[in-house]
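Asker: Take the sequences, apply the hints, and build the full model.
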Amino acid sequence: MSDPNEPTQGEKGEEEIPLGQRIFDNPFLLLIACIVVMFVFYTGWGLVELAMLPEAPLP
Amino acid sequence: MSASMRTCPTTGLKVDSTADALIKVNAVVATVALLIGGVAGLLVLLTRWQAVHLLDVVWFYRLLTIHGMNMLIFFILFFEMAVLYFASAVLLNARVPAPKVGWAAFGLMVLGTGIVEWTMFAGKADVLFTSYVPLRAEPPYYLGIILFAVGALIVVGHFFAILVVAKREQSYTGSVPLVTFGAVTAAVIAAVTLLHGALVYIPTWLWSMGLMEIDPEFYRLIWWGLGHSSQQINVAAMVAIWYLLGAFTVGGIVLNEKISRTAFVLYIGFISMASAHHLLVDPGFGPSWKVWNTSYFMYMAVLASMIHGFTVPAGLEAGQRLRGVTQGLFGWLRRAPWSDPGFSSLVFSLVIFGFVGGITGVTFGTEQINIIAHNTLRIPGHFHATVVAGTALAFMGVTYYVIPLIFRREVAFFKMARVQPYFFAGGMFVFSIAMTFAGTFGVPRRHWDVTFAQAPFQVQFSPAVDLVIGVMAVGGLIGILGGAMYIVITVWSVFFGRRLAPDESGLGAERLGLPLGIVSPPKPLPAGADESMLARHPLGHVPGTMVLVLVFLVAFVVYYFVNWKLLSDVWSVG
Ligand code: HEM
Ligand SMILES: [Cu+2]
Chain A
1 MSDPNEPTQG EKGEEEIPLG QRIFDNPFLL LIACIVVMFV FYTGWGLVEL
51 AMLPEAPLP
Chain B
1001 MSASMRTCPT TGLKVDSTAD ALIKVNAVVA TVALLIGGVA GLLVLLTRWQ
1051 AVHLLDVVWF YRLLTIHGMN MLIFFILFFE MAVLYFASAV LLNARVPAPK
1101 VGWAAFGLMV LGTGIVEWTM FAGKADVLFT SYVPLRAEPP YYLGIILFAV
1151 GALIVVGHFF AILVVAKREQ SYTGSVPLVT FGAVTAAVIA AVTLLHGALV
1201 YIPTWLWSMG LMEIDPEFYR LIWWGLGHSS QQINVAAMVA IWYLLGAFTV
1251 GGIVLNEKIS RTAFVLYIGF ISMASAHHLL VDPGFGPSWK VWNTSYFMYM
1301 AVLASMIHGF TVPAGLEAGQ RLRGVTQGLF GWLRRAPWSD PGFSSLVFSL
1351 VIFGFVGGIT GVTFGTEQIN IIAHNTLRIP GHFHATVVAG TALAFMGVTY
1401 YVIPLIFRRE VAFFKMARVQ PYFFAGGMFV FSIAMTFAGT FGVPRRHWDV
1451 TFAQAPFQVQ FSPAVDLVIG VMAVGGLIGI LGGAMYIVIT VWSVFFGRRL
1501 APDESGLGAE RLGLPLGIVS PPKPLPAGAD ESMLARHPLG HVPGTMVLVL
1551 VFLVAFVVYY FVNWKLLSDV WSVG
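Note that the protein sequences, when read in sequence, are chains A and B. Position 2 of the first sequence, counted from 1, bears residue number 2 in this note's numbering, the numbering being contiguous throughout. So the number in this note's numbering is just where the residue sits in the second sequence, counting from 1, plus 1000.
In case anyone wonders, no lab produced these hints; they're calculated from the structure. These numbers come from a predicted model, not from an experiment. Worth double-checking, as some hints may not be accurate.
[To be verified] 25 Å max Cα-Cα, derived SDA-like pairs, lysine to any residue:
1. B:K1258 x A:L19
2. B:K1124 x B:V1150
3. B:K1258 x A:L47
4. B:K1014 x A:S2
5. B:K1565 x B:H1374
Answerer: Pasting the structure below:
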């Protein structure tokens, strides 16, 4: 239970910070995750779909 | 530490003077864009209202372009730049490491905006904000957007730099506050958005000068990587502001940091791919790609919104129950500060975003149902509930706190400020629902004349459409009135409002002009308060919120089902 405008401490002062919290505390890790998911599933896969489209049989 | 820090007498936070100034200028430019976009919106509305049909065809599309760009891009993004500086430098007591870079980025954004405005008003860019190739604007239009985007990308980089410096200089300890975490989410998504922006606008600029070819389907794929993802910056920023306003107005708490943060991370992971829902009727992509990107994985992001939709009101309810407001299921709502525009904005933003925007969005984003919603008025009906009644209203609500805390002025015309969110939210609620209805009858979006007067073919809509569009127009006009009130209040406050003395905290102020959360802030929680102190009710610790959430789920199921039914009527078998 905490205030959304205040930094949060680990449960008790000096305790080891849990792995999940360490990951969440690293914005650059989150940034990489975001870029990878987007570029693999949406952008990359989408481009592959376009590259594999057959030519239109129109004149 | 930078020499020029002031200490805020209300919050005790140290505010860097560059952050202070950058927040102000970004907010001011955002308001100018809102004004331009609002006037354009009024004229567009009066044209879509077939009974008035004000503009000629050229100016309809020109002003629709101007409305889309000014509202969705300039107003929202300039405001978000202010949010990024606030959530980093101000909330973390941190200094802005590169003031010159901050100003250069702002300058680039303003320059880009100016160029785009000029091309649009001069009729050099009647391409709507999507500028689908092969519609061609003149080259400066694309260049303006590129400059604007580069500026925004620099601000995002600067935001991360502020985080790094704050951590290194230990201006805070532990993990960043949840509101800042929401801003981190927005900034991360902004980076992905702007990457797609570069990938699409640079080639398109070259194409506009005849230097290369662009495939229209390629354009749509990459453009929506930008166009949709940018909406998710808005969602993340809006949710961060919900938490912020909740704490300011009624002492809302975060029930569980882990859950709220995980929900933000789900946005980071899974929300951008939903860009594919704009391409559900495009022939270039197969069903696997479409379904993967708009359901299965993307539903993790929907889950995230539903988590915030629960935790925000639950935090409001728990915060008040812990402070002794325990009457019945909804005592915490009845006794809430409804005359604080920060609070009313928060609640209306949350409710309309969830009930109208969220439910319609998930439904229209379903591959099968999309075919009956695509390019109808249902789509702008949906996003005026999300980005207007949701995001824009949340931004308006927080402005009533930004004026005293950052601009150090009283809010002018405070009685009007109290009712402003009611006009804006009420109007946009009616407007977006009526617009969605009109779309359900098949009325197209972005259409100058739905009577098809000079068209070689005739389409007869249900006679109900005239009525529904009339209701939409009335709702829109009320919303515009609310928007105009906001502009009058903010402009007057910022330029002519009474200045607050440097040590004036506003606590207990007798004069009208400061929101309740500043005059009589929520009293601190008793030491060691946690949910075990909440009375146990058959519906849990936050029974009122549980009831609201159940109503929401029922509405969701009903709307989703009705749409499958509508879809099944499209093909009558046998
Ligand atoms: C009370 C204020 C507003 C009114 C009455 C209004 C009205 C309208 C109308 C009538 C349309 C045309 C729909 C069509 O023909 O397809 C439209 C489109 C649009 N509006 Fe608004 N609007 C308002 C505020 C906003 C705000 C604050 C935003 C963004 C933050 C926004 C974003 C858009 C966008 C992106 C479009 C689509 C443009 C396009 O299709 O190219 N509007 N609006
Ligand atoms: Cu979208």
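Asker: Hinted pair, alpha-carbon criterion (25 Å max): B:K1014, A:S2. Please report holds or violated.
Answerer: The given pair, whose Cα atoms are some 21 Å apart, holds under the 25 Å limit.
Asker: For the pair we were handed, B:K1258 and A:L47, check the Cα-Cα distance against 25 Å.
Answerer: 36 Å, violated
Asker: Keeping to a limit of 25 Å between CA atoms, is the pair of B:K1565 and B:H1374 held or broken?
Answerer: 17 Å, holds
Asker: Hinted pair, alpha-carbon criterion (25 Å max): B:K1124, B:V1150. Please report holds or violated.
Answerer: 22 Å, holds
Asker: Just to be careful, I want the Cα atoms of B:K1258 and A:L19 compared with a cutoff of 25 Å; is the pair within it?
Answerer: Distance of about 12 Å is within 25 Å: holds.
Of the hints listed earlier, the one the structure fails to meet is number 3.
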